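2 protein chains.
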Amino acid sequence: MITSALFTDFYELTMAQGYWKQNMNQEVVFDMFFRRQPFNGGFSVFAGIETLLDVLTEFSFSADDIAYLKEQGIFEQGFLDYLKDFRFTGDLYSFEEGSLIFPQEPIIRIHANLIEAQILEGLVLNHCNFQSLIATKTARVWLASKKGSIMEFGLRRAQGPDGAMSATRAAYIGGAAGTSNTLAGKRFGIPVMGTMAHSWIMSFPSELEAFEAYAKIYPEKTVFLIDTYDTLGSGIKNAIKAGAKLVEQGYNFGVRLDSGDIAYLSAEVRKELDKAGFPQAFISVSNELTEEIIETLIQQNAPIASWGVGTHMVTGGTESSFTGVYKLAARHDAKTDTMIPAMKFSDNPAKNTNPGIKNVYRLYDENGMAKADILALTTQSIEPGKEYRYHHPMVDYRQFTFKAASVKEMLKLRLKNGKRTEERLDDKTQLAKSRETLRAQLETLDASYKRIINPHIYKVSLTEELKDLKVEFIKKNIK
Amino acid sequence: MITSALFTDFYELTMAQGYWKQNMNQEVVFDMFFRRQPFNGGFSVFAGIETLLDVLTEFSFSADDIAYLKEQGIFEQGFLDYLKDFRFTGDLYSFEEGSLIFPQEPIIRIHANLIEAQILEGLVLNHCNFQSLIATKTARVWLASKKGSIMEFGLRRAQGPDGAMSATRAAYIGGAAGTSNTLAGKRFGIPVMGTMAHSWIMSFPSELEAFEAYAKIYPEKTVFLIDTYDTLGSGIKNAIKAGAKLVEQGYNFGVRLDSGDIAYLSAEVRKELDKAGFPQAFISVSNELTEEIIETLIQQNAPIASWGVGTHMVTGGTESSFTGVYKLAARHDAKTDTMIPAMKFSDNPAKNTNPGIKNVYRLYDENGMAKADILALTTQSIEPGKEYRYHHPMVDYRQFTFKAASVKEMLKLRLKNGKRTEERLDDKTQLAKSRETLRAQLETLDASYKRIINPHIYKVSLTEELKDLKVEFIKKNIK
Numbered sequence: 001m002i003t004s005a006l007f008t009d010f011y012e013l014t015m016a017q018g019y020w021k022q023n024m025n026q027e028v029v030f031d032m033f034f035r036r037q038p039f040n041g042g043f044s045v046f047a048g049i050e051t052l053l054d055v056l057t058e059f060s061f062s063a064d065d066i067a068y069l070k071e072q073g074i075f076e077q078g079f080l081d082y083l084k085d086f087r088f089t090g091d092l093y094s095f096e097e098g099s100l101i102f103p104q105e106p107i108i109r110i111h112a113n114l115i116e117a118q119i120l121e122g123l124v125l126n127h128c129n130f131q132s133l134i135a136t137k138t139a140r141v142w143l144a145s146k147k148g149s150i151m152e153f154g155l156r157r158a159q160g161p162d163g164a165m166s167a168t169r170a171a172y173i174g175g176a177a178g179t180s181n182t183l184a185g186k187r188f189g190i191p192v193m194g195t196m197a198h199s200w201i202m203s204f205p206s207e208l209e210a211f212e213a214y215a216k217i218y219p220e221k222t223v224f225l226i227d228t229y230d231t232l233g234s235g236i237k238n239a240i241k242a243g244a245k246l247v248e249q250g251y252n253f254g255v256r257l258d259s260g261d262i263a264y265l266s267a268e269v270r271k272e273l274d275k276a277g278f279p280q281a282f283i284s285v286s287n288e289l290t291e292e293i294i295e296t297l298i299q300q301n302a303p304i305a306s307w308g309v310g311t312h313m314v315t316g317g318t319e320s321s322f323t324g325v326y327k328l329a330a331r332h333d334a335k336t337d338t339m340i341p342a343m344k345f346s347d348n349p350a351k352n353t354n355p356g357i358k359n360v361y362r363l364y365d366e367n368g369m370a371k372a373d374i375l376a377l378t379t380q381s382i383e384p385g386k387e388y389r390y391h392h393p394m395v396d397y398r399q400f401t402f403k404a405a406s407v408k409e410m411l412k413l414r415l416k417n418g419k420r421t422e423e424r425l426d427d428k429t430q431l432a433k434s435r436e437t438l439r440a441q442l443e444t445l446d447a448s449y450k451r452i453i454n455p456h457i458y459k460v461s462l463t464e465e466l467k468d469l470k471v472e473f474i475k476k477n478i479k
Numbered sequence: 001m002i003t004s005a006l007f008t009d010f011y012e013l014t015m016a017q018g019y020w021k022q023n024m025n026q027e028v029v030f031d032m033f034f035r036r037q038p039f040n041g042g043f044s045v046f047a048g049i050e051t052l053l054d055v056l057t058e059f060s061f062s063a064d065d066i067a068y069l070k071e072q073g074i075f076e077q078g079f080l081d082y083l084k085d086f087r088f089t090g091d092l093y094s095f096e097e098g099s100l101i102f103p104q105e106p107i108i109r110i111h112a113n114l115i116e117a118q119i120l121e122g123l124v125l126n127h128c129n130f131q132s133l134i135a136t137k138t139a140r141v142w143l144a145s146k147k148g149s150i151m152e153f154g155l156r157r158a159q160g161p162d163g164a165m166s167a168t169r170a171a172y173i174g175g176a177a178g179t180s181n182t183l184a185g186k187r188f189g190i191p192v193m194g195t196m197a198h199s200w201i202m203s204f205p206s207e208l209e210a211f212e213a214y215a216k217i218y219p220e221k222t223v224f225l226i227d228t229y230d231t232l233g234s235g236i237k238n239a240i241k242a243g244a245k246l247v248e249q250g251y252n253f254g255v256r257l258d259s260g261d262i263a264y265l266s267a268e269v270r271k272e273l274d275k276a277g278f279p280q281a282f283i284s285v286s287n288e289l290t291e292e293i294i295e296t297l298i299q300q301n302a303p304i305a306s307w308g309v310g311t312h313m314v315t316g317g318t319e320s321s322f323t324g325v326y327k328l329a330a331r332h333d334a335k336t337d338t339m340i341p342a343m344k345f346s347d348n349p350a351k352n353t354n355p356g357i358k359n360v361y362r363l364y365d366e367n368g369m370a371k372a373d374i375l376a377l378t379t380q381s382i383e384p385g386k387e388y389r390y391h392h393p394m395v396d397y398r399q400f401t402f403k404a405a406s407v408k409e410m411l412k413l414r415l416k417n418g419k420r421t422e423e424r425l426d427d428k429t430q431l432a433k434s435r436e437t438l439r440a441q442l443e444t445l446d447a448s449y450k451r452i453i454n455p456h457i458y459k460v461s462l463t464e465e466l467k468d469l470k471v472e473f474i475k476k477n478i479k
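Protein chains in written order, with our numbering: chain A, 1 to 479; chain B, 1 to 479.
Next up, chain A with everything else stripped away, as it sits in the complex (with noise of 0.2 Å):
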């Protein structure tokens, strides 16, 4: 765990020097939110905020960190020795760990000083942006299996050490069953998987030798690899002898496909399987497995139990990165000693942000179904039962009116003045609670938001406060 606070851009120290000498930390409240679904997708996951809150409570500049910045040459002793004794001591809300989140609303809300939150930009963006994009492709992957058994093997292919070590772990938060990567099985208590590699098989001076061999020693846990020299003219024959042999001991066993059309193959290798009286016997499959390929995968039935999916689960694959961003909402005014909304303009009217504090509520019908997310100014409040209207956060005509059944608010406080407000759980019941938390929110999903390709668009709205705050904002600015 990086816990220097030296991991954060270069601006962000100018800028807080800046801040320093002219006297300027006043109190600000920034958002943490994204533009766009990742994988033209109808929803995405949080994750991150849990190692993020580790690193929050702990950060801080060492002496080192210190005297590398003076060697820069463009701090002042003054501003040194603040940095020093700088911790995080603002308060942080955020949504639960493992929740569904949708464009434009503030996932995390910090109020700190100017400085204290301007420092943290880099670091809630890389924890926070990364984890949420593992957790999201991994959930599409586990909903396109019909929720099936998904292996995660991305150590080797993942992008470096932590790559791989938070992509695991947001992997299981996504519905992964397990993963191959056993440093992050130790860490945070995820089962550990695997069954042989094709250099097992090379070993060995035949495919049967390597086969039972293999079935000598892990009788309870053999998956035949069978594409090592030719899937159906040798694979499939050698696993069949040397299972036959496991079944006869009592055991079950399956095989691995890494290769080749997994959808002929799978359908040849099940004929083969039974044909041979080993109903029982299972079909694993691997090799740059997607969500859109698992998806016709099951389309077309084949008769697969389980899938091992590394490189485009644990990098995103197409899409790399998620488009999370950090921006300021308020900020206090001296003058009027009160906190006043601030607002970012853009070029391009899709990049404005929404000025002020605010929160976020999850509007459900009678039937528990998800049907808004609402952005509201903290002064406000949504209650159940009660009809309003709301708005699109940019096309003004756009609008409807809704009597929620039942209301969520969805941002909770996690840190206040820099101290967390519950106990942190342990690594393995954090990730399980996390794991749960999406579950259930899957569950009051629509099925139309969740269709891998060409999803239905989920409604995140203004209220009408907050959109005539925005309006009046974009009328004072632009001549």
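Bear in mind the hints are in silico, worked out from the structure with no lab data behind them.
Be a bit skeptical, because a hint or two may be false.
No copy is singled out in the list; a pair is fine if it fits within one copy or between any two copies.
Pairs of lysine-lysine residues, derived as BS3-like cross-links and limited to a Cα-Cα distance of at most 27 Å, are as follows [claimed, not checked]: (1) 433 to 146; (2) 241 to 476; (3) 271 to 221; (4) 237 to 147; (5) 416 to 475; (6) 146 to 416; (7) 275 to 412; (8) 351 to 271; (9) 221 to 412; (10) 450 to 351; (11) 386 to 371; (12) 412 to 433; (13) 428 to 146; (14) 335 to 216; (15) 221 to 21; (16) 475 to 459; (17) 70 to 221; (18) 476 to 408.
Here the structure is a predicted model, which means the values were calculated and not measured.
Using the hints provided, position chain B relative to the given structure of chain A.
Coordinates of chain B only, in the frame set by chain A:
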């Protein structure tokens, strides 16, 4: 740095116990190679080997790691005792960091006993796949910018903390001039860079006040971010006002564009700066840049002095992983007491491996330009001034003869019995060296291979002897 040997796929450990029980810990040779150029490019850049060597000389199982394995209930005490003393004691050959690399050629070759070689598969691939991906991406970005000034800004969008740290290291090898990641700057001795965020501007009552405050504190390093509210309407106007004061005091200034149509805005901003009498003021740009976007901006003569590149450069963008694999090439045969070649077959011929213990030679013409890389058995040599026939790795009738003016052996012995053959350089010196290796090798590569889009394919061929060995293997195997 993760030095726990548990950072490995679980199946490596179950296989290792299998080898141990079978007394099969014979000497083997494994190759790391990759299968296709990422980004549809014409070359890749090898990186990560130096951080890998650091880990290989240190990694081991702690008492805690052993206890975790014991809990899994499938490892015998004798094998766990073996792991207690486990160290990497083999030999490792590799290309120099920063080298140009091409598909099919072994870029790392490991001679070790089977258990050691097997356990470090994930580690080797994790370090070298990721850093090679990012060094390659950055070299493309740097070439697209006509070897311009590239600032790596990716911390917030990188794949976890190490995704950021390793990516910064690799990006510097690939040609980045510096980074925003302060901790990576400290650790690796890379120049740190940055300007200001939108939040700086939003924290002041007005854009002009924000600019003036910054200019006052950092007169030598001021780059105004001009798109917070309205780039041409207010941003450039205020930058010129605040910049004029800097110029009066004998300083220069720059402006940064972070949204909108960069080609259009940079041209307009250039006109405004020139009209105001500041032809020396420079323009820096950022916002989801890729090598393709940079190339089109250069082709349009966009007046841009430096490029801030984040997301795509530190993750690979649409290609988030490198296709490096690790395959058995030879194993010791007890009966004959010789190393015998091994080969993996596949239903997909492109996945067939090249058998035997191999060297890689780079052949140069009389102008010092690289013409082809040749895979040869280590029992052979390729001499300059002599003509040989070389063969396509898969297509038998594609062959050519060539008399090289000079020949370079690409694989160097880096670890002997698990220890570095040369003294470890400090990180800063090593990075400078790796960076220089790349720059020198790029000079020997014809422009046609360096095109961003649709490059020429560089030849990687086999010697006649290696081709014969491979064909013999295939004939024996395919009935």
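Hints, verified against the model:
1. 433 to 146: within (21 Å within a copy, 51 Å between copies)
2. 241 to 476: between (79 Å within a copy, 22 Å between copies)
3. 271 to 221: Answer is within: at 22 Å inside a copy they meet the 27 Å cutoff, but 71 Å across does not.
4. 237 to 147: Classified as neither: same-chain Cα gap 31 Å, cross-chain 56 Å, threshold 27 Å.
5. 416 to 475: neither (36 Å within a copy, 71 Å between copies)
6. 146 to 416: neither (40 Å within a copy, 50 Å between copies)
7. 275 to 412: Neither: 57 Å inside a chain and 53 Å across chains, both beyond 27 Å.
8. 351 to 271: between (55 Å within a copy, 26 Å between copies)
9. 221 to 412: neither (43 Å within a copy, 41 Å between copies)
10. 450 to 351: within (26 Å within a copy, 35 Å between copies)
11. 386 to 371: within (15 Å within a copy, 76 Å between copies)
12. 412 to 433: For residue 412 and residue 433, only the intra-copy Cα distance (15 Å) is at most 27 Å; the inter-copy one is 50 Å.
13. 428 to 146: Intra 25 Å, inter 50 Å, cutoff 27 Å: intra-copy only.
14. 335 to 216: between (79 Å within a copy, 24 Å between copies)
15. 221 to 21: Intra 64 Å, inter 17 Å, cutoff 27 Å: inter-copy only.
16. 475 to 459: within (25 Å within a copy, 61 Å between copies)
17. 70 to 221: between (57 Å within a copy, 17 Å between copies)
18. 476 to 408: Classified as neither; 34 Å inside a copy, 67 Å across copies.
Hints 4, 5, 6, 7, 9, 18 from the earlier list are contradicted by this structure; the remaining hints agree with it.
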